Amino acid sequence: MLAYRSMADQNYSVEGLGATPQVPAVSIFPSATARLNRKRKTEFDDTDLIERLKAGDEEALEAIFNRYSAKLYNVAQRILGEVADAEEVIQDVFWTAFRKADSFRGSAQFSTWLYRLTVNAALGKIRRSKKNKETEYEEYLPKFQKDGHHSVRPVVDWSDTLDEKYAERELQQLLTEALEQLKPVDKSAVVLSDMEGMSDKEIAVMLGLTVSAVKTRLHRARLFLRGKLAVHLGYSAA
Amino acid sequence: MTARKAATKALTNRTCKEITGLIFGYLNDTLSRSVKRDFQRHLRVCPDCVNFLNTYKKTVATSRSLRSEEIPANVRDNILDFLRKRTRKNALSS
Chain A
21 MLAYRSMADQ NYSVEGLGAT PQVPAVSIFP SATARLNRKR KTEFDDTDLI ERLKAGDEEA
81 LEAIFNRYSA KLYNVAQRIL GEVADAEEVI QDVFWTAFRK ADSFRGSAQF STWLYRLTVN
141 AALGKIRRSK KNKETEYEEY LPKFQKDGHH SVRPVVDWSD TLDEKYAERE LQQLLTEALE
201 QLKPVDKSAV VLSDMEGMSD KEIAVMLGLT VSAVKTRLHR ARLFLRGKLA VHLGYSAA
Chain B
12 MTARKAATKA LTNRTCKEIT GLIFGYLNDT LSRSVKRDFQ RHLRVCPDCV NFLNTYKKTV
72 ATSRSLRSEE IPANVRDNIL DFLRKRTRKN ALSS
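If you're matching them up, the sequences are chains A and B in order.
Residue numbering for the first sequence follows our numbering, beginning at 21 and increasing consecutively.
Residue numbering for the second sequence follows our numbering, beginning at 12 and increasing consecutively.
No lab work stands behind these hints, which were simulated from the structure alone.
Note that the coordinates shown come from a computational prediction; the quantities given were computed from them, not determined experimentally.
Among the hints, erroneous ones may be present.
[Stated by the list, open to error] Restraint-style ranges between C-beta atoms, simulated for each label pair:
(1) A:E71 to B:E29: 23 to 31 Å
(2) B:R44 to A:T155: 32 to 40 Å
(3) B:R44 to A:S149: 29 to 37 Å
(4) A:S123 to B:N24: 49 to 57 Å
(5) A:E102 to B:L103: 32 to 40 Å
(6) A:S127 to B:D92: 28 to 36 Å
(7) B:R75 to A:E102: 22 to 30 Å
(8) B:K47 to A:D77: 35 to 43 Å
(9) A:G168 to B:S43: 14 to 22 Å
(10) B:R99 to A:G126: 48 to 56 Å
(11) A:S232 to B:S76: 41 to 49 Å
(12) B:D88 to A:E102: 13 to 21 Å
(13) B:K100 to A:D65: 23 to 31 Å
(14) A:E82 to B:S43: 44 to 52 Å
[As the list claims (entries may be wrong)] Short derived list, chain B residues pointing at chain A, Cβ under 8 Å:
(15) E29
(16) F35
(17) V56
(18) D59
(19) F63
(20) V71
(21) L77
(22) R78
(23) R87
(24) T98
Backbone N, C-alpha and C define an ideal beta-carbon position, used for all residues, glycine too.
Using the sequences and the hints given, assemble the complete structure.
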């Protein structure tokens, strides 16, 4: 059993987050709208459970755990990389949700509140552990000549080669390893955006960043991941 | 304008470095109409940027396809056990 550490002194309010997440007009993620609709339906179903949770109903906590633990565990595990750490964080998150349910004021979605608890707890754990090894991005980012052209030409299109060369499982492992080398906040942004399908605005609220900062971090993280894949395939990251 | 001149203009209007910086906005469709036009013009004459864009998109698609980490049964049981004990203790003390 893992030791419980209080998160009571932290502020988990998500006031200010718009009720309707931003959805890009044209998205490279075609299922974003479907996911959003499912999320809204679940949110509607949560209302009764939240009220019961506020009243200290243990069964409501278990129902909420059954509904969200898989998603939240994935986020924690992706950010932390260790099963034991993710377990501790998820345990902490649901216990905090039970004790601090009153602080959920309903201006944001309940799931957003839980995600925020999870991301904050995971990032806090990394900060405390001081064992995070950050890779310098520079080596894997594109390089340009003084006139703004790519410094290594031609740039090779290896997008099809990736699937030809690696089995799906190998490719997943390759990207997971690259993902682990991202800075914790950047990794969180990639997980929340690419894996959880959240909007830049939602991510900004969760990470305490501006929307513009989220976009910049996501772009740099993707450039880094692209560079890692390129180098792995034997090409220049540039 | 000759084809060669048009190609040169498209390349000089926006450099490859600028185009790379615009990819995020292009994929999310948040570029202004004129910037998007510059972006697309550049791509028409710059195979390096087309290839770069394709590999960037492939990276995002691969990232999107990562399977969720499933919560192991023993981890799930441990957490539920912890929560049940805590809530019971909480109920007794209040």
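Hint by hint, here is what the structure shows:
1. Checked against the hint of 23 to 31 Å, the pair A:E71 and B:E29 fails, with Cβ atoms roughly 52 Å apart.
2. At about 38 Å, the beta-carbon gap between B:R44 and A:T155 stays in the expected band of 32 to 40 Å.
3. The given range of 29 to 37 Å is broken by B:R44 and A:S149, whose C-beta atoms sit roughly 48 Å from each other.
4. The hint said 49 to 57 Å for the Cβ distance between A:S123 and B:N24, and at roughly 52 Å that hint holds.
5. With their beta carbons about 33 Å apart, A:E102 and B:L103 fall inside the hinted range of 32 to 40 Å.
6. Between A:S127 and B:D92 the CB atoms are about 33 Å apart, so this pair conforms to the stated range of 28 to 36 Å.
7. Roughly 24 Å separates the CB atoms of B:R75 and A:E102, a value that falls within the hinted 22 to 30 Å.
8. Here the CB-CB span from B:K47 to A:D77 is close to 52 Å, at odds with the stated 35 to 43 Å.
9. Between A:G168 and B:S43 the beta carbon distance is about 20 Å. The supplied range of 14 to 22 Å therefore holds.
10. In this structure the hint that B:R99 and A:G126 lie 48 to 56 Å apart at CB is violated, the actual value being about 28 Å.
11. Between A:S232 and B:S76 the CB atoms are about 27 Å apart, so this pair departs from the stated range of 41 to 49 Å.
12. Checked against the hint of 13 to 21 Å, the pair B:D88 and A:E102 passes, with Cβ atoms roughly 18 Å apart.
13. Between B:K100 and A:D65, the C-beta spacing of about 29 Å keeps the proposed range 23 to 31 Å intact.
14. Checking the proposed 44 to 52 Å range against A:E82 and B:S43 shows it holds: the Cβ atoms sit about 50 Å from each other.
15. Because the smallest distance between the Cβ of B:E29 and any Cβ of chain A comes to about 7 Å, under 8 Å, the interface hint for this residue holds.
16. Satisfaction of the interface hint for B:F35 is found here, the shortest Cβ-Cβ separation to chain A being roughly 4 Å, below the 8 Å cut-off.
17. Given hint, B:V56 at the interface with chain A, is violated; its Cβ is 12 Å from that chain's nearest Cβ, farther than 8 Å.
18. Taken as an interface hint, B:D59 checks out: its beta carbon lies about 4 Å from the nearest beta carbon of chain A, inside 8 Å.
19. Using the Cβ-Cβ criterion of 8 Å, the hint placing B:F63 at the interface with chain A is satisfied: the shortest such distance is roughly 5 Å.
20. With a least beta-carbon distance of about 6 Å to chain A, the hint placing B:V71 at the interface is held under the 8 Å criterion.
21. For B:L77, the suggested interface contact is upheld, since its CB lies about 6 Å from the closest CB of chain A, less than 8 Å.
22. A hinted interface residue such as B:R78 counts as satisfied when its beta carbon comes closer than 8 Å to some beta carbon of chain A; here the least separation is about 6 Å, so the hint holds.
23. Taking 8 Å as the C-beta contact cut-off toward chain A, the hint placing B:R87 at the interface holds, the least distance being around 7 Å.
24. Of the supplied interface hints, the one on B:T98 holds, with its beta-carbon coming within about 4 Å of a beta-carbon of chain A, less than 8 Å.
In summary, the structure is inconsistent with hints 1, 3, 8, 10, 11 and 17 from the numbered list given earlier, while agreeing with the others.
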